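K.L.:
The lines below spell out each chain.
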Amino acid sequence: MKPVIELKNIKKIYNAGEEGSVTNALDGISLEIKDGEFVAIMGPSGSGKSTLLHVLGFLDKQTSGDYYFQGKNNKNYSDEELARIRNREIGFIFQSFNLLPRTKVIDNVKLPLIYSDIKESEWNKLAEQAIESVGLLHRINHEPSQLSGGEQQRVAIARALINNPKVIFADEPTGNLDSKSGEAIMDILQDLNENHKHTIVLVTHETQTARNAERIIRLKDGLIESDEKVAERFRKGSGSLK
Amino acid sequence: MKKSQNALEKEADLLNNFLTMNFKYGLKNSLKNLNVNRSRSILTILGIVIGITSIILIMSIGQGAQDLILNQIQGMGSKAITLSPGKQAEGFSSSSMLDSILSDSLKEREMEALLKKNNVPNVAKVIPIVFGNVTASYQSNIYRLMILGATEDVLDVYEVYPDVGNFFTKEDVASKANVVVIGSKVKTELFGESDALGKTIKLKSKAFRVIGVLPSKGQGSLVNFDESAFAPYTVVQESILGIKYFQHLIVEVDKEENTEQVVSDIKITLRNLHDITDPKNDDFSVQTQADLVKQVSTVTGILTLFLASVAAISLVVGGVGIMNIMLVSVTERTREIGLRKAVGANSKDILSQFLLEAMMLTSIGGFIGVFLGVVFGFLISIVLTNVAGLDWRFSFPVGAALLGIGVAVLIGLVFGIYPARQASKKSPIEALRYE
Numbered sequence: 000m001k002p003v004i005e006l007k008n009i010k011k012i013y014n015a016g017e018e019g020s021v022t023n024a025l026d027g028i029s030l031e032i033k034d035g036e037f038v039a040i041m042g043p044s045g046s047g048k049s050t051l052l053h054v055l056g057f058l059d060k061q062t063s064g065d066y067y068f069q070g071k072n073n074k075n076y077s078d079e080e081l082a083r084i085r086n087r088e089i090g091f092i093f094q095s096f097n098l099l100p101r102t103k104v105i106d107n108v109k110l111p112l113i114y115s116d117i118k119e120s121e122w123n124k125l126a127e128q129a130i131e132s133v134g135l136l137h138r139i140n141h142e143p144s145q146l147s148g149g150e151q152q153r154v155a156i157a158r159a160l161i162n163n164p165k166v167i168f169a170d171e172p173t174g175n176l177d178s179k180s181g182e183a184i185m186d187i188l189q190d191l192n193e194n195h196k197h198t199i200v201l202v203t204h205e206t207q208t209a210r211n212a213e214r215i216i217r218l219k220d221g222l223i224e225s226d227e228k229v230a231e232r233f234r235k236g237s238g239s240l241k
Numbered sequence: 000m001k002k003s004q005n006a007l008e009k010e011a012d013l014l015n016n017f018l019t020m021n022f023k024y025g026l027k028n029s030l031k032n033l034n035v036n037r038s039r040s041i042l043t044i045l046g047i048v049i050g051i052t053s054i055i056l057i058m059s060i061g062q063g064a065q066d067l068i069l070n071q072i073q074g075m076g077s078k079a080i081t082l083s084p085g086k087q088a089e090g091f092s093s094s095s096m097l098d099s100i101l102s103d104s105l106k107e108r109e110m111e112a113l114l115k116k117n118n119v120p121n122v123a124k125v126i127p128i129v130f131g132n133v134t135a136s137y138q139s140n141i142y143r144l145m146i147l148g149a150t151e152d153v154l155d156v157y158e159v160y161p162d163v164g165n166f167f168t169k170e171d172v173a174s175k176a177n178v179v180v181i182g183s184k185v186k187t188e189l190f191g192e193s194d195a196l197g198k199t200i201k202l203k204s205k206a207f208r209v210i211g212v213l214p215s216k217g218q219g220s221l222v223n224f225d226e227s228a229f230a231p232y233t234v235v236q237e238s239i240l241g242i243k244y245f246q247h248l249i250v251e252v253d254k255e256e257n258t259e260q261v262v263s264d265i266k267i268t269l270r271n272l273h274d275i276t277d278p279k280n281d282d283f284s285v286q287t288q289a290d291l292v293k294q295v296s297t298v299t300g301i302l303t304l305f306l307a308s309v310a311a312i313s314l315v316v317g318g319v320g321i322m323n324i325m326l327v328s329v330t331e332r333t334r335e336i337g338l339r340k341a342v343g344a345n346s347k348d349i350l351s352q353f354l355l356e357a358m359m360l361t362s363i364g365g366f367i368g369v370f371l372g373v374v375f376g377f378l379i380s381i382v383l384t385n386v387a388g389l390d391w392r393f394s395f396p397v398g399a400a401l402l403g404i405g406v407a408v409l410i411g412l413v414f415g416i417y418p419a420r421q422a423s424k425k426s427p428i429e430a431l432r433y434e
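So the protein sequences, as listed, match chains A and B. For the first sequence, the residue numbers in numbering that gives the first Met the number 0 are 0 to 241. For the second sequence, the residue numbers in numbering that gives the first Met the number 0 are 0 to 434.
Same shape as in the complex, but just chain B (with noise of 0.2 Å):
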């Protein structure tokens, strides 16, 4: 005998009623129950449907989107470090991204110290990247493009071998030829159908020949390459953009595992350039593959859980969709209640009961919502391959679909309760008495 029970006791003999009572008939007379009603089940469930759906929806395309651009950031090698003038930026402040675009602590002068085998021994390559925009003309023809300014090994790190003609060379860079190698769409708005090889573009007023033009890449890039242009850095710096430094020093290291070594030598070897003796006064920040797929994978992370929390909201007024219709279905059978009672329920049976009837709607809910938000995130997977021209992938989002029926049944745990407790808390005798 029983007579005093705490409250852990009684939640654990719930827990323990619910797995000894006869689970199959539980789940059959639910079952039936709910198709009794079945436009209301429907309707009642249409809420926690759709908001199972997008949140399957928003993380399956979340989930693409990071690993479209995780791709794209590895495509560059992970042997890449890529040095950035001004302070390494924290978070996102404005004052370091102004920082980091007004100033000039990468030069030629830090390019040749990095290059020194005594200060960093593990470095391949030094590439020199310069950027802005700029208009550029062919006869009438203007259209306004990003110019790029680097070094003949940038083809292999940007993985951009034109399909018509040549990069530039080694030659041309240290000649300061007025050459340019065109992105697909530069070329299509500059020259039309007609063949761009050879002829002379202008670009602020100075003559380039146009030396090879690159294959669409379609959107999706980090950087447009089709609506780039190439050319050799020195005489975009003299040139076009009229500037000593660099806008960023792409480094590569010799075997990946050296990475950290690397980054440390470039750290001491510019600070002693640089006379600078605390870090926190570093006027230069060296961000490694590692560092921006980190970044990159928090930010997507970020905007999907705060997009899905947006959806997770549909799922609360679901939820009280569902307490509601309960609290109906209760009241509606009371005499049932009162009937079970009468031949030997007791509170915990109906209480079972009900919250059972209550988490099958909504698992039910859940399983259609993972279904249709898997079909939808296919289906946009498909249209941003084909339309779009993506590199995107579909994968089927396992977390999301578990996480997504287990919050379904969690709302029919949360949101049944309370109508279970009502129907189980009716007096046998009141409970058949009602009309």
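Chain A with its partners taken away, still in its complex shape (with noise of 0.2 Å):
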């Protein structure tokens, strides 16, 4: 199967402060994730797995290195192509959910929308089956403010849905939640990933949450440090484990 994802040689270098002191948040990463593949990347903070993320989502670019998305290289793309991968082809989950405040959850999931060529007729339709899809049709009228955190990263999962993404980043997902909201998530995005076929590639730092995932990758220092697959065994949602 072609990898939905290739990375040659990622680095990603930020020039802090006047004296040219230089930090190598991506020291050359190379990998490859595959259609419908479920990758959970760790590693303690600082190990660049966020710069990462923003890289793979085109939230950020690369320094150097060559990233394939769907078999094309990113390199000189525009601002405004690159907005258009955001909006057409990914969906993404934060950790502190980043719904827009004072706005109904069905507007919330409407926000991608605003920014495609879909119709405006069909806006409504979608961001229904988004909402039903993470089961919070019941609260489609209601505010951020009047929803539980568990609730806001699942209006949170429907906005990343709503343009039927090719691969969802999810961000820390659980971070902000309890841990009863944060497995209901997580059931969500396994349901997602297997049955609806969306590639997802989820950073955390809890090796519990990463568990979901059928492959861990570990960062260290701006390197993978490995890239494991989970066996089955031990997979979270497969019962073995509990």
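Heads up, a few of these hints could be off.
What the hints assert, rightly or not - Heads up, simulated DSS-like pairs for lysine-lysine below, C-alpha to C-alpha not over 30 Å straight-line: (1) B:K347 / A:K103; (2) B:K27 / A:K103; (3) B:K425 / A:K74; (4) B:K266 / B:K115; (5) B:K424 / A:K74; (6) A:K60 / B:K424; (7) A:K10 / B:K424; (8) A:K10 / B:K425; (9) A:K10 / B:K347; (10) A:K103 / B:K23; (11) A:K124 / B:K23; (12) B:K424 / A:K103; (13) B:K425 / A:K103; (14) A:K71 / B:K347; (15) A:K118 / B:K23; (16) A:K74 / B:K347; (17) B:K424 / A:K165.
The set of hints was computed from the structure by calculation and includes no laboratory data. Values in this document were obtained by computation on a predicted structure and should not be read as measured data.
The task is to assemble the complex, starting from two chains supplied on their own in separate frames and drawing on the hints.
P.N.:
Dropping the structure here:
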């Protein structure tokens, strides 16, 4: 199967300060992620896992190296083209939900559609479908401040799903949630991966959470420390470990 | 793939994007965001409201004043041509005005020449005008009035028809009769409530019999007839002013279309009479109603424009306020900008969003300003009509209203572009990290 994501020697260097102190956030990462995979990226803070996710999610550009997304090198993409990919091809879930305040659930979920080519007449239908798939139809006209953390994150997932993206990137999606809500979120992500064939890339520092994935990539100091499949018997949701 | 674009293409792109962006959503979203900080939005647009209101008000009043003056000029009849002694005034130089006051180039001789059919064939009437300030007294009452000397034909030119008594006649002019027609204010000052007709008043210690009283015409006339008195020019020249010349000659044309012909006939006649070969040396000036209308329109137009530009300064101040608040808004909403970029908004989308918001803010201010300006203009017209007794006509200043809204939108564009650019330049990842 063709990889949906292919990185070749990706480096991200930050030049901070006037003396030119240089930080190598990513120090040459090469990896492949296949279509339909569920990958967790782990590592201590400062290991570069968030930077890697941002590069993968087209929120940030690598300093050097090649990034092939669906076989295409993104090196020379303009601001507009990057925005287009973020809009059509990928979905993002953040630790802090990032919902628009004082904005109804349905309008939050619709947000990506505003920047797409999809006709306005279809927006409501699509948004309702996405909200239904995370089980929040009864909250459709609520505002984020009226929802629990878990519910807010489910709205964010609905928003990430609305353009039916190839890949969903989740940056510590359970980090701000209690363990029960967190598990519910992970169940949804697992369902999206297994039953709806979305490729999922998850950044987390919790081993428990990472065990929902089928593959765990560990980073240290901007380099891949290990990259291994999760043995089926350890995977959560398969029932063998609990 | 567009790798390099020149600036022009970028502009066109921006406009295109602005139009294709979901406009309805943009408007709704802007309104919502402005509504979230309602009191802040209201205070911000106050500057624009005040600016636009004053501009509309000034333009409305300017238009009203101009209409009022022009109506009065045209009231004299478009067939009237005014001759004044002295050189044609160029602008408002003091020397030419002084020249006109001191010159005595228009006398009986000139009037007779103009009345000859072979000189100026299309003349209907020539009315001499002399005037000056003089002290009038009746018993112990003293009042300083303006005495106007003319022939009986002035009645129709100034539309001064007495409501008590009569105007003087041709015979009165010929016989240099000491008769006078007084304005309404003169009547009350000298006679109070008692009857004035037939009484004798003293003008410069000469006795004049009051034969008529004019109705009140109110303020706002070019000449305040209420504070004036009319007498035959012959007697005013001889007994009161002690002059032999005229301050004006009003020439009435038989038909309006002959005005230009008459003007050139008058010039030729007077130049021949005064042996003038070079028109630059003319010792008289000719002014048609059309000239006067043009001059007055220019003056009131300049005045209105000047006042409006003073008011426009407040718009600049208002615009800076808009820019300031938009910058605050951009900073406050950094995370929102980051999120929008993360879900697919490009820089132009963000630019449009904030620009639209600024323009929305100023155009709301513009609409309110136009509304208030029109309302105040209307109230002032009511006050001027009912209290000051002017024949003030309120007209809705359509041009000014469109201009006001246009300017408001433009201010949003000009002062909104910088904050909007700041917003659009934010990198998504830095914006999302912003606390």
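K.L.:
Confirm or reject each hint.
P.N.:
Hint check:
1. B:K347 / A:K103: holds, 25 Å
2. B:K27 / A:K103: Since the Cα atoms of K27 (chain B) and K103 (chain A) sit roughly 14 Å apart, the hinted pair holds (cutoff 30 Å).
3. B:K425 / A:K74: holds, 20 Å
4. B:K266 / B:K115: holds, 14 Å
5. B:K424 / A:K74: holds, 20 Å
6. A:K60 / B:K424: holds, 15 Å
7. A:K10 / B:K424: holds, 24 Å
8. A:K10 / B:K425: holds, 22 Å
9. A:K10 / B:K347: holds, 29 Å
10. A:K103 / B:K23: holds, 18 Å
11. A:K124 / B:K23: holds, 18 Å
12. B:K424 / A:K103: At roughly 27 Å apart (the allowed maximum being 30 Å), K103 (chain A) and K424 (chain B) satisfy the hint.
13. B:K425 / A:K103: With Cα atoms ~26 Å apart, K425 (chain B) and K103 (chain A) stay inside 30 Å; holds.
14. A:K71 / B:K347: Cα-Cα ~24 Å, so holds.
15. A:K118 / B:K23: holds, 13 Å
16. A:K74 / B:K347: Holds - the C-alpha atoms of K347 (chain B) and K74 (chain A) are around 21 Å apart, at most 30 Å.
17. B:K424 / A:K165: Holds, at about 27 Å.
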